[in-house]
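Participant: Position chain E relative to chain Z; hints supplied.
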Amino acid sequence: MSEPNDRLERAYRSLAREEPPASLDASILAAARRAVARPSLARRWGVPVSAAAVLALAIGVTLEMQHERPGIEVSAPASESAPAPAAKQEMAAPARAPEAKPEAALVAPEKRVESRQAKSVAATPGAETHHEPAGGESAPGARDVVPEMPAVPAARSQPGEAPAASAERERAPASAQRAPASAQREVPQTFPAAPPASRANAAMQAPRAQAAPSLEGAPAAPPSPAAAQEGRLAAPAASMAKRSAGAGADLSAAPASPAAELERIAKLREEGRDVEADRALEEFRKRFPAYRIDDATWRRVKPR
Amino acid sequence: MEPSDEELMVSYARGEARAFEALYARHKGALYRFVLRSTKTAGEAEELAQEIWMRVIGARVSYEPRAKFTTWLFSIAHNRLVDHWRVRGLALVSLDDAGDDDDPPEPAAGPEAEPERALEAAQVARKLAHAIAALPLAQREAFLLHQEGGLTAAEIARATGSNEEAAKSRVRYAMRKLREAIGDE
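Protein chains in written order, with the numbering used here: chain Z, 1 to 304; chain E, 1 to 185.
The shape of chain Z in the complex, shown without the other chains (with noise of 0.2 Å):
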């Protein structure tokens, strides 16, 4: 091959040096450029310091409303603890329950402001240190209720909470035990208004709840409306996860070696699917710059 040629040489040199044009160079340099370029400062960061300024201000009023208002960071017990009343009557006379339902949610801010005067009176003042006079909310009304119905705010009585609420708690051991979960069961029909609330709430909690149902310490989690209603929404997001899980898989199965690759393309080929056989085909050479595809092959993946 090294044979001496040197009037061919010479020839072949004498022959036009052509060069690529500048415009060619300068937009192959660029693609080379912005496949190695870094991303911005703002744009490498946006999104985690974003993440991290939304978190902390998801804490922040948590923590602030916590203190505030215990209890209220969860407005799913307001919608269980307020027909506590209704499912005393419940267990009074099972059968009228579905009317004394609407009545409860009617009659439940009056209840408020009696339980509120019966506990200034049964209650230690430690007990309403922390309750702010109107509300309006379901949330503190259901936390009036406690002297009542001290089974459904149990896990949230507080330390200061008076020792005749807490004998009552004892003395009613079984309606302590059935009534969330009859409240839990009723609070569909026995508050019209509640479930939109739970299910605003359930939407809110969904992604903690399947994160870390442990840390929520809301006492309806699974078997509530709300858990219901969070279940139907992660369903969907389950099903996507899974998709995209799917997808993942599908992706992670795709052929590593060039021949086996060419055989996927050559498949589709033979299935008529073109579109995606020409796409597969481009990023195999994409994938496989030097890979030479012998003629055989070529014939059953080539672009129809």
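Since the hints were derived computationally from the structure, they do not count as laboratory data.
Backbone N, C-alpha and C fix where the C-beta goes; we use that ideal spot for every residue, glycine too.
Check before you lean on any hint, since a few could be wrong.
One side of the interface only, derived from the structure: several residues of chain Z facing chain E at Cβ under 10 Å [unchecked claim]:
no., residue
1, R7
2, R17
3, E19
4, A32
5, R33
6, R34
7, S257
8, R285
9, K286
10, P289
11, A290
12, Y291
13, I293
14, R300
15, K302
16, P303
BS3-like cross-link-like pairs, simulated, lysine-lysine; straight-line CA separation at most 25 Å [what the hints assert, rightly or not]:
no., chain 1, residue 1, chain 2, residue 2
17, E, K68, E, K168
18, E, K40, E, K28
19, Z, K286, E, K28
20, Z, K286, E, K127
21, Z, K267, Z, K286
22, E, K127, E, K40
23, E, K168, E, K127
24, Z, K302, Z, K267
25, E, K40, Z, K302
Facilitator: For chain E alone, coordinates are given in the frame of chain Z:
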């Protein structure tokens, strides 16, 4: 001391755009001419050259300096050209045996047509260009890889997926025809 092509490519794979610039400056002309003389039209050559370089860029992460960079580069170019020819219904087949074939080389200039040196050189160059274009694909490719890429027979074999003997004979056939074409026998 200048970094080797392989070192530059590895540096580029690590994210140094300047390494690619140096690499590109070294090989852009050779690759472009290789493609241009294989395809004949500047438009096609530019398009193909761009695609080849894009493949180099795309494959930077998987690049391993097991062979010379130029062998790798021209093997990518070879594959792209093969695809190009295949799409046009051409194929790299039985080219080694097609040595004495089809296009008879133009007769060499006789002594009676003795021009001035510059004119003669221009004529020789034109004849050579014509003869290169008339070479069978595999021979032309092997010749161009040897001339432009500076590849040895073994490297040509590696870049084109053939064996060393075949590569060697392709280059030899090509040179014989070209010598005949320019009257250098």
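Participant: Now, for every hint given, state plainly whether the structure supports it.
Facilitator: Going down the list of hints, with the structure as the test:
Satisfaction of the interface hint for Z/R7 is found here, the shortest Cβ-Cβ separation to chain E being roughly 4 Å, below the 10 Å cut-off. Annotation: interface hint on Z/R17 holds; nearest CB of chain E at approximately 7 Å, less than 10 Å. Checking Z/E19 against chain E: minimum C-beta separation of about 5 Å stays under 10 Å; hint holds. For Z/A32, the shortest C-beta to C-beta distance to chain E is roughly 4 Å, which falls under 10 Å, so the interface hint holds.
Proximity of Z/R33 to chain E holds as hinted, the smallest CB-CB distance being about 4 Å (cut-off 10 Å). A hinted interface residue such as Z/R34 counts as satisfied when its beta carbon comes closer than 10 Å to some beta carbon of chain E; here the least separation is about 9 Å, so the hint holds. A least Cβ separation of about 13 Å between Z/S257 and chain E goes past the 10 Å threshold, and the interface hint is therefore violated. Nearest Cβ of chain E to the Cβ of Z/R285: about 7 Å, under the 10 Å cut. The hint holds.
The beta carbon of Z/K286 is positioned within 10 Å of a beta carbon in chain E (closest approach about 5 Å), and the interface hint is therefore held. A hinted interface residue such as Z/P289 counts as satisfied when its beta carbon comes closer than 10 Å to some beta carbon of chain E; here the least separation is about 4 Å, so the hint holds. Taking 10 Å as the C-beta cut-off, the interface hint given for Z/A290 holds, the closest approach to chain E being about 4 Å. For Z/Y291, the suggested interface contact is upheld, since its CB lies about 7 Å from the closest CB of chain E, less than 10 Å.
At a threshold of 10 Å, the smallest CB-CB gap from Z/I293 to chain E is about 8 Å, leaving the interface hint in force. Taken as an interface hint, Z/R300 does not check out: its beta carbon lies about 12 Å from the nearest beta carbon of chain E, beyond 10 Å. Interface restraint check: Z/K302 against chain E, minimum CB-CB distance 6 Å, threshold 10 Å, status holds. Taking 10 Å as the C-beta cut-off, the interface hint given for Z/P303 holds, the closest approach to chain E being about 7 Å.
Among the hinted pairs, E/K68 with E/K168 is consistent with the structure: their alpha-carbon atoms are about 18 Å apart, no more than 25 Å. Annotation: proposed proximity of E/K40 to E/K28 holds, straight-line Cα distance about 17 Å (limit 25 Å). Among the hinted pairs, Z/K286 with E/K28 is consistent with the structure: their alpha-carbon atoms are about 20 Å apart, no more than 25 Å. For the given pair, Z/K286 sits about 38 Å from E/K127 by alpha-carbon distance, which is inconsistent with the 25 Å threshold.
A hinted pair counts as satisfied when its Cα atoms are at most 25 Å apart, and Z/K267 with Z/K286 qualifies at roughly 20 Å. Simply put, E/K127 and E/K40 have alpha-carbon atoms about 15 Å apart, close enough for the 25 Å limit, and the pair holds. For the hint pairing E/K168 with E/K127, the CA-to-CA distance comes to about 24 Å; that is within 25 Å, so the pair holds. The straight-line distance between the Cα atoms of Z/K302 and Z/K267 is roughly 12 Å, inside the 25 Å bound, and the hint therefore holds.
In summary, the hint linking E/K40 to Z/K302 is supported, as the alpha carbons are separated by about 23 Å, within the 25 Å threshold.
Checked against the numbered hints above, the structure violates hints 7, 14 and 20; every other hint is satisfied.
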